[in-house]
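So the protein sequences, as listed, match chains X and W. Position 127 (the first sequence) corresponds to 127 in UniProt numbering; numbering is contiguous. Position 217 (the second sequence) corresponds to 217 in UniProt numbering; numbering is contiguous.
If you're looking for bench data, these hints aren't it; they were derived computationally from the structure. Fair warning: there could be bad hints in the mix.
What the hints assert, rightly or not - To be clear about the criterion: a stretch of chain X counts as covered by chain W if any three or more of its residues have a C-beta under 8 Å from a C-beta of chain W, and this derived list gives those stretches:
{"no.": "1", "segment": "138-151"}
{"no.": "2", "segment": "206-213"}
{"no.": "3", "segment": "216-226"}
Claimed, not checked - So these bits of chain X aren't anywhere near chain W, every CB distance computed over 10 Å:
{"no.": "4", "residue": "R34"}
{"no.": "5", "residue": "R35"}
{"no.": "6", "residue": "A37"}
{"no.": "7", "residue": "V156"}
{"no.": "8", "residue": "L251"}
All C-beta atoms in this analysis are idealised placements derived from N, C-alpha and C, irrespective of residue type, glycine included.
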Amino acid sequence: MTELLELDFMRRALLAAVLVGLTAPAIGTFLVQRRLALLGDGIGHVALTGVALGYLTSSSPVITALIVSALGAALIEVVRARTRTSGDVALALLFYGGIAGGVLLIGLAPGQSTGTLTSFLFGSVTSVSEEDVTIMAALAVLVLGVLAYFGRELFVLCQDEEVARTHGLPVRLLSLVIAVTAALTVVVAMRVVGVLLVSALMVVPVAAAQQLTRGFRATVGVAMLVGVLSAIGGLSTAFYADVAPGSTIVLIALGVFAAAVAAGRVLRRRRGRAGAVRRTRGAAALGSIPGTESGSMRT
Amino acid sequence: MSEVAVADPRPEPAPPAFRVTGAVVEYDGRPVLDGVSFEVPRGEVLAILGPNGSGKSTLSRAMLGLVPLHRGGVELHGVPVRRFRQWGRVGYVPQRLPAGGGVPATVREVVASGQVARLRRLRLPGPADRAAVDEALAAVGLADRARDSVHELSGGQQQRVLIARALAGRPDTFVMDEPMAGVDAASQRALAGAVAELRRRGHTVVLVLHELGPLRPLIQRAVVLAHGRIAHDGEPPRPAGEPARPDHDHAPPDAGAPLLAPAVPGLEVPRRD
């Protein structure tokens, strides 16, 4: 581990990966609860249209990618709210539109090919510059700040949008906050670590965490921990085994998910037994009939 | 001197909690509510009854501005629902807790989220807020489950969590959409107890119900809908076969539930799963 830290490029790569590992699962938890787990990937593909537009108009591809993907994320919310389209279909529309637009526009840009887009899809965590790390740090502060500021309202929104409205919450604004924050995370991080890594880290650590936790806050915390550990573990493995770092991080996160599923089973069985004892005691004390209906997960 | 006792029979005229005037809701041109008008005075416990498809759930949602009206209007505490801002006074209990993407949340987290209207942005909950959450949990008998995940609870217990969430914000106006549907006996008692307490405190409660059931003694007035129109507004309908003498003890064990006076058309058998 120490020799890793002696190499400048690895130090920067580790920092960048850890920052994505912290940020992506935090916003990802809200996306997962809102059934928009694939939003990160969708935004990543819309960003390709933005990148191509940047090359075509000779402006900064990152800036155009940011604008186009923020618009795309906002568009998903509009499509969800205004048309008879569920979240996952809205995502699919965005996804295909993004790729098609990107490939079409990059073909029109002089001297560019789809290869340009590929570098944005997969990124390169080992060629991160000092400036990239600063931008990533600023992104992390911004995203975590937004989540801390709006967190309570976003939790209510992700639980039940109608209940959020009867609390007088600005539902449309909050939906946009989630979508634009996700877009910002993806676009800033994709150039550095690639769309695959950032969108995977929005979902996989959350999926792992929810096997083990009982609360929302705990899920966010454990997901961030899983994200950071996968980032560090994946990068060091990639360094020693000389394999692709981004993919290694994602595969390690998936390994953690598999382990969490097994651990979660054991944990719930143990809790179930303890809970049953507590419930029978409580019921006896109240002289009431314990509930017989099994827990329901209706949608 | 005897004049003094009746000196001022009119205190501050408070607007009704809800005023619905000529409400029409259409889905794709098909009317679901067809000109419904009624008022709910403050402090009344009112049941909205009716068979499936009669529009009772739509009515309750329209009363909170969740369903756009095609024609007519809804006022909350004297303010048109679109301009209403005192949402901290309103506690809405939806039919069920959506599972969403399956991210767990503890009972306490869900109940505490009911305070969002009065506790916003960067303010940490104080001792009074935490006490209100404890009180809400105790009111529905779930104090010992506060740290459990809501999705591990039974349907009836989840319903109690939703009511506790509405209580935690300490509103004075409640709308509950079928809180008794598919709820076990223990939860029914807990819910009836919570509604009784709200009535004792003089809060307004609008309940959408399949059947009056254990809530029957608490209901002051019933609005029965049929085909999107009000078929009955007044005394809660009596169960068919209920004897005139209240001390008659040959009533079937579940009297009061599905059997209703023939004057009230087609109230369905409750679903008890």
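Of the numbered hints stated previously, which ones are contradicted by the structure, given in increasing order?
4, 5, 6 and 7
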